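So the sequences go chain by chain: A and B. Residue numbering for the first sequence follows numbering that gives the first Met the number 0, beginning at 0 and increasing consecutively. Residue numbering for the second sequence follows numbering that gives the first Met the number 0, beginning at 0 and increasing consecutively.
If you are wondering where the hints come from, they were derived from the structure by calculation, not from laboratory data. One should not assume that every hint holds.
Said to hold, decoys possible - DEER-style ranges, computed between Cβ atoms: (1) 416(A) to 4(B): 36 to 44 Å; (2) 188(B) to 695(A): 21 to 29 Å; (3) 777(A) to 189(B): 42 to 50 Å; (4) 154(B) to 442(A): 49 to 57 Å; (5) 411(A) to 36(B): 56 to 64 Å; (6) 449(A) to 188(B): 19 to 27 Å; (7) 64(A) to 36(B): 21 to 29 Å; (8) 225(B) to 695(A): 29 to 37 Å.
Treat the numbers as computed from the prediction; the structure is a model and nothing was measured. Quick reminder that beta carbons are idealized off the backbone N, C-alpha and C, glycines included.
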Amino acid sequence: MTDNPFQSWMSKSVPRVEDDRLLQGRGKFLDDIRLDRLLMAAFVRSPVAHAILKKINLDAARALPGVRAVFSYNDLRPLLSLDRIPLALPSGAIRFDVDPPALAHEEICYVGEPIAVVIAETRAIAEDAVALVELEFDPLPVVMDPRDGVDKDAPKARLDCPDNLVARHVLKYGNGEAAFAAAAHRVKDCFRLNKGGGHSMEPRGIVARVDDDDLLTVWDSTQMPHRAKAILVNALGLSEEKVRVIAPDVGGGFGPKAVFHPEELVIPAVALKLRTPVKWAEDRFESFTATVQERVQIWDMEAAFDAEGKLLAIRGQLFHDHGAATPYGVALPYNAATNLIGPYALPAYDLEILMCLTNMVPACPTRGAGRPQGTFVMERLLDRAADELGLAREEIRQRNLIPLEQMPYTIPVIMRDGSTMTYDSGDYPECQRRVLEAAGWSEFDKRRDAARRDGRFLGIGLSNYVEGTGRGPFESASIRVGPSGKIMVSSGATAQGQGVKSMLAQISAGVLGMNPKDVHVVDGDTNATVLGLGAFASRQAVTAGNAIYLATRRVAEKARAMAAHMLEASADDLEIADGNIFVKGVPQLKVTLGDVSKALSGMPGYAIPGGMEPGLEAAVDFQPGPLTYTNGSHVAEVEVDPDTGAVKITRYVVVHDCGRMINPMMVEGQVLGGVVHGIGATLLEWMRYDDQGQPATVTYADYLLPTCDVVPRIEIHHMESPTPLNPLGVKGAAESGTIGAPAVIVSAIEDALRPLKIRIRDLPVTPARLRALIAAAQGKGAAP
Amino acid sequence: MKPVPFDYHVPTSVADAVELLRTLPNARALAGGQSLIPMMNLRAAAPSHLIDLGKIPDLCGVHETASNLRIGAMTTQRSLERSAVVRRHCPLLGEAVDHVGHQQTRNRGTIGGSLCHLDPGAELPVAAAALEMTFTVTGPGGSRTMSFDEFPAGYLTTTLEPDEILTHIDVRKTLPHEGYAFLEFNQRPADFAIVSVAVLLTLDGEQVSQVRVVLGGIDYAPIRLLEAEATLTGNRLDDKAFEAAAAIAAAHPCEGDEVSPPEFRQHLAGVLVRRALRKALERTKVSVNA
Chain A
0 MTDNPFQSWM
10 SKSVPRVEDD
20 RLLQGRGKFL
30 DDIRLDRLLM
40 AAFVRSPVAH
50 AILKKINLDA
60 ARALPGVRAV
70 FSYNDLRPLL
80 SLDRIPLALP
90 SGAIRFDVDP
100 PALAHEEICY
110 VGEPIAVVIA
120 ETRAIAEDAV
130 ALVELEFDPL
140 PVVMDPRDGV
150 DKDAPKARLD
160 CPDNLVARHV
170 LKYGNGEAAF
180 AAAAHRVKDC
190 FRLNKGGGHS
200 MEPRGIVARV
210 DDDDLLTVWD
220 STQMPHRAKA
230 ILVNALGLSE
240 EKVRVIAPDV
250 GGGFGPKAVF
260 HPEELVIPAV
270 ALKLRTPVKW
280 AEDRFESFTA
290 TVQERVQIWD
300 MEAAFDAEGK
310 LLAIRGQLFH
320 DHGAATPYGV
330 ALPYNAATNL
340 IGPYALPAYD
350 LEILMCLTNM
360 VPACPTRGAG
370 RPQGTFVMER
380 LLDRAADELG
390 LAREEIRQRN
400 LIPLEQMPYT
410 IPVIMRDGST
420 MTYDSGDYPE
430 CQRRVLEAAG
440 WSEFDKRRDA
450 ARRDGRFLGI
460 GLSNYVEGTG
470 RGPFESASIR
480 VGPSGKIMVS
490 SGATAQGQGV
500 KSMLAQISAG
510 VLGMNPKDVH
520 VVDGDTNATV
530 LGLGAFASRQ
540 AVTAGNAIYL
550 ATRRVAEKAR
560 AMAAHMLEAS
570 ADDLEIADGN
580 IFVKGVPQLK
590 VTLGDVSKAL
600 SGMPGYAIPG
610 GMEPGLEAAV
620 DFQPGPLTYT
630 NGSHVAEVEV
640 DPDTGAVKIT
650 RYVVVHDCGR
660 MINPMMVEGQ
670 VLGGVVHGIG
680 ATLLEWMRYD
690 DQGQPATVTY
700 ADYLLPTCDV
710 VPRIEIHHME
720 SPTPLNPLGV
730 KGAAESGTIG
740 APAVIVSAIE
750 DALRPLKIRI
760 RDLPVTPARL
770 RALIAAAQGK
780 GAAP
Chain B
0 MKPVPFDYHV
10 PTSVADAVEL
20 LRTLPNARAL
30 AGGQSLIPMM
40 NLRAAAPSHL
50 IDLGKIPDLC
60 GVHETASNLR
70 IGAMTTQRSL
80 ERSAVVRRHC
90 PLLGEAVDHV
100 GHQQTRNRGT
110 IGGSLCHLDP
120 GAELPVAAAA
130 LEMTFTVTGP
140 GGSRTMSFDE
150 FPAGYLTTTL
160 EPDEILTHID
170 VRKTLPHEGY
180 AFLEFNQRPA
190 DFAIVSVAVL
200 LTLDGEQVSQ
210 VRVVLGGIDY
220 APIRLLEAEA
230 TLTGNRLDDK
240 AFEAAAAIAA
250 AHPCEGDEVS
260 PPEFRQHLAG
270 VLVRRALRKA
280 LERTKVSVNA
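Chain B with its partners taken away, still in its complex shape (with noise of 0.2 Å):
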């Protein structure tokens, strides 16, 4: 199919490409158009105007500070999967875009790109939950920051104002010691997911004195599952541990369709959640940045 007919602009500038954004009616960023252009080919997205981000310096790139990571919006997914620095400092982002699309699309498709599409099947905003990425965003009255449970609004929707764009995104570096995972179940390896999980965790001792666990693909957004969470921090990650963070997510509600029914989601929740707890705990058992 074709789009409806569309002007295509190229700014060069954050500032230019704003005033684009507050200006021109029903206009949209365009990031890597790994999402936008087929959805604008089936007419499910009709935008007038295109502003093409890809031209603006700056806005790529993975910055390396004394505790941070910060990564340009419009880096793509592909230099994200090849970054050292990434797989060193923030071995979970990097085992989250290993599950995005296929090398083809990762060539194309960005970060900030994946983040504000915010598809329920997406893996790097699961992982932008559970290393709560702070964003950076500049609109026409200058930049604002957020955490990432400020940024959904709603189904493919976030709470960036239309002449809003993303910059960049900060994350923190993971500590040595602290286990990651970021699994994932689909019926091939290139497709979104039908459930994610990522998890973080730090022992003190055997007992667990912090843990992120989120799940993706359950709803409209990743679900930061708080009370598994609590359930776990202070004890020992044994079976009975698994079992209840695995309950916890089994019981969250869910939609689901022919092929994947809702209560499939929900008993996978728990089986990912299980698995991922104890892959974490086996990595804590090695430095990641060593």
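Excised from the complex, chain A in its bound form (with noise of 0.2 Å):
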């Protein structure tokens, strides 16, 4: 299925076309759309975790001057035609949806979930106006801990279910109990593992306007236009060409931004009752609150080994903090199980996967969706099985990567698309080979002794990973030539920043030889598009830009065609490049492709010439079947202060394979990026709750995320095993750099304090927990 669609444009580390208008800002982001008669939203949001809501008085807020409407649950609800927000994605696991209201009443269920919302002239005074709504409570017992939570005897986190455990999932192959009745060694571990959310830079945000033919215009900071388009269409009970959804300039997503939040309807039912445009722009606080998040996960582990290494099971259970609500289904769970596999070659698998609801904000996909966690379960049991076999780190990993000549490589598990998980390429055991070369890992024992010396230690670390990315069912594109010769191309696929309009142009303008700044692209806007589906899983490289190469391919077929009968040549030997069709070798015989667009857009009465179809354009709803595995590997130094659990990255460098590359530099940025959430996972992001439900961390002076002064030069180095599954070759690139980076660098620190044999099992690793790991091993009398 591949060939080779690499031409001129291809494969370049082109200049991203996005960026002469977001650097002399121009970008129109959402805080920028400026309506007339625009009024303000803000949120009267829970102020405790879990209560029963008795009253709520909303006379003062309603009388400040400057308000023009406050609503309740109870004003809201003859606004729409359901009870709650349709969000359910079908899964055997499910024991019970969890949708959440647009507005909650009776229940509440955790700090920040919204209750009113306050109408304004400016949001200064729908913010005093909130400040102004007495609300009383009957408290109710909370759920905080995933583990306690599904105890039969837990309070319930939402009196409207029957319990907490919200979705249960035995994912399970081979023959475990054999396997570890035989295992010449055993490891066990239990692991308590926080990852931080997304914290985009710009925080979510929506503006609905009516039009006098009552059509609903909605500017939604999203991922996912579309579907919030088709939940608003079911929601407000209106016809699909009434409402029309627009991402316009994302400043980042990150995952949160892939779900519909209650906000998004709440504020264009509101502004279809008031029939004048509202926006509500999130402010941080409201980020830290109320947008979903990725919390903890509690791993309790064991895998078997036989004699030399080889891993032969593992077992175990994850609880997952689901938090109050299912707004985006087990996603998130059930990539951190199936990921945990990684690239290694696990004859069986038993993982008991608990999802407990609790009295939090709902926990979502992040960046890495949960891969990070698994794959951190992964390498740690490795390290500690190395350690109990007197194998060095690399040799028990070589002993287990899947070969080369066993690829594609297919697991027992079956997908969320009803596949078999399969490893479609990829050459595991050379990425981790070059990575240890690019590292120097063989001499680092030299630089760790002569550190030590100086009474510095130095640790490093290796970990290596694979993500199933490019997730269907499908994606859309289609292209278009107009009689100007110029090129429009318009995808369902979703742009917050990764440069998905460059990734498009640079494709469609490499099939026809063009400068991809000639190539206009229009996304994330539902009436450019009328199918799509948008940003998640690593997905849009592999979905739109296979639809936008096979689309635009159509058109220079056919461009050729219509060519070969103006130019009275073969259409074989016609070349196509700069906006121009020529015979090759005869560069002056030519048409522009806006001469055949002209004649391909007809005249009054005549036929077209060549009795050909009208028009110059194709559009592809590209289906990538099932997911194509990217992978990499890690290594990472570290310095680690034993006296203050001071960690400080001094290396780091990846190997990275996502198939064939359409713009390195784009690619670079994204593993970049993805490294440096997963430093902030491993040592500094901590969403943190006191024991009421609470949020401890609700700014950035707080909540830590990693900055460019504790952030090391990231070496990045590429290999390109193209995928069969898809005609470009191409893998997801955009989460991959998370997922490695917890368990590398926790493995470094463990290196680096190897003669106290701490064993990390919490994540973040902070300093105070560092120290007192070491403080605990120097008690039993070893010293670093």
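Make one complex out of these two single chains by using the hints.
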């Protein structure tokens, strides 16, 4: 299926077509949208994690000058066709769906849950009015821990659910019992893994406007405008042609903006009622409390090995904190569970996944989407086994990596699209070999010993991982060449800064031999593309990229056929470049793409020449089929200060394989950003709550993101193993960098403190936690 | 978030500013705004009137006298950082200011604003305590001076009256061969300190003739470790002396949170005191203002 699409503009680090506009301040982000008569919204949010809402008094808020309207659930409900927002994603694991209400009433289930909305002339007035709303509660007990929460005696996180076990799934294949019984070595450990949220630079936001002809236009800072439209059509009881959703310039998504939040329904409903445009621009405090996030997973795990260090089986339990609702199904823990397997041959696996409702904002995928946690567990188990068997860490991995000759490699796990989990391509042992070589792994002992003579503690770590990318079922793309010769591309793919426009422009320009700058791309607009899915699961280069590739090929073929007719030449003798179609070797014998388009546009009453179908355009909904697997190997070096628990990453090397690269510069940007997210998750980011469910980290003074002064230079090397699963041979690159980072950094920290035999089980690794482990080890008589 | 409504005033003299603070209800002085404005946006502070001190002449700059530096309260942290006079005659203050926030916040943040805000994790109050700075404040009845130990009143609270303004700070010049060190621990270099330590050290031969050891981040205001100073004074600075001082620092009661629990902060206090003393001792070997 793979052929060679690579022409002049492909596989090159072409500057992004988005950047001139953005760098000159001409971007139009959500809060840049200003409309006549625009009113501003602020939400009344729950100040408690779990309670019965007894009374809500909106009189004082309504009486404040400048306030136009205040809506509680009772005011909003008549505007909606459904009582809850229809978000359920089907899964056999789900025991009951918990769709969130647009505004909470009766029962409040997390701090930050929207209860009412104030619409006022300014955001400041709206906030003043929010402060005047009186709420009365009867407090209820809270569920904060996913392991405690599934205990039969635990209080209920939601009174409207039968219990807290919202979903349960057993991932099982092979004969684990026999493997454990026969194992030469077993290692066992329990991990408590926090992961950070999305923290896009631009928070969420929404503007809704109703025209005189009842068209509802919604600007939504979202990764999935088509899904937003479908939900709005359903929940507002409107017909499809009356709703248009546009994702304007979006300043980062990283997962949370793929989830439809209650505010995205409330604001359009209110705008319909008031018949005046309304804007809500989330502030950072709201991002911390009301935007979906990732939090804790508890993994209780055991691995069995034979005498040579070959994996026989892994078994255990995963307790996943799901938060107070299920707006995005079970994707997050399921990804974590399947990604644990990684690039290793694992003959038997038995994992029980218990997904627990808790009284916190719902947990949903953020960059990496559970995979960093699964990878962390596997890599830690391998390091434990290496210690137990007296093997080097690279050696135990080498013995377990799936060899190239076994690709494609099938694992008996059924994926959510019904396919069997299959690694399509990639050379995992070679990837590890290259990263060890690039990092100077074999000479590290010398560096470590020299540093230790100076009283410095250096360590090195290694991790390998895979990522299933390019999730379907499809993505749309269309291309139209106008009589002007200009090229217009539109797609259901949606950009949040990753360079989607550049990717689409570069592919279609590559096929047509043009400059990507001459391709105009429209994305994220439901009026430009009827069908679309958008941004999630590192998918848009795979899905939309191949869609635009195939569509452009069709346009090129048609242009050639038409030009053959116009030039009286054979189509096989024609070439396309720079907007011209010409006879090979005779460039003066040419027509332009514009000429062809004009001819195909028709003249009143005349036949289209050559008996061709009208128009120079094509549209393809590309269905990628099963996931294509990106892989990578990371090496990190750290310096640990055993007196303070401080960890400094001194070196970071990545070897990355996402198949054929469309634009290596953009791939590197993605990998680098992903690693930085992973560094944050490992050392800094920790969304904390007190035992009553009050968020404790609601500013960036308390919630620490990795800043440039704590991020090392990240060295990236590429392998290119094209996938046979799509014509371009491409795989996703957007999340992959995150996946290997926690495992490799923790391996390096443990290595730096090897004489102390430190075992790190919790993420993030804060200085206090590390210092506590060091102190405990020193207390046992060991000295670093 | 947006602040609650407030009125904004821009006086051009200290007297006018004091009069506004005296007569207007719920008025607050605004210096560089790097703490107060975010607090207002979070509605953690809600003054009805903001009195911007930024347009009052003579509140900025570092002036050198024979034995002192006089620093205007509205001098930005960035200009202290870049001041050759500060580096030469008050290197501890220079080292402390290097740890304050980011360059962007130092461009706006002032020494007076930081001292009056008195965040427990802030660096400048710790340096002020070690250097025993003298504060001059002006109110409706005129000016008065106070020493740093009279300044803190509680968490984020000073002994300034609501209608008083800190106008300038006097700090003695550091002696030749006076050792100094400012160290702090945090997860990222630009953050507030989890624990910070300032040390000043003068030797007479091998013996300590004068030493100041101040801890930040442990209590609501900087703590001068008088017991450690007494233990060190008159003795040689050897490992035993370092350990004794560190033990005193680590014994100071302290509050904490989930990220940095009390016992961790106490442990850090000991580690940093030991390291700061070592560094200050090294520095006694070279003349700071040569």
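Tested hints:
1. 416(A) to 4(B): 36 to 44 Å: violated, 55 Å
2. 188(B) to 695(A): 21 to 29 Å: Holds, at about 23 Å.
3. 777(A) to 189(B): 42 to 50 Å: Roughly 31 Å apart at Cβ, these two residues miss the hinted range, so it is violated.
4. 154(B) to 442(A): 49 to 57 Å: holds, 52 Å
5. 411(A) to 36(B): 56 to 64 Å: holds, 59 Å
6. 449(A) to 188(B): 19 to 27 Å: holds, 26 Å
7. 64(A) to 36(B): 21 to 29 Å: Holds, since residue 64(A) and residue 36(B) (Cβ atoms, about 25 Å apart) stay within the stated range.
8. 225(B) to 695(A): 29 to 37 Å: At 34 Å between Cβs, range holds.
When each numbered hint is compared with the structure, violations occur for hints 1, 3.
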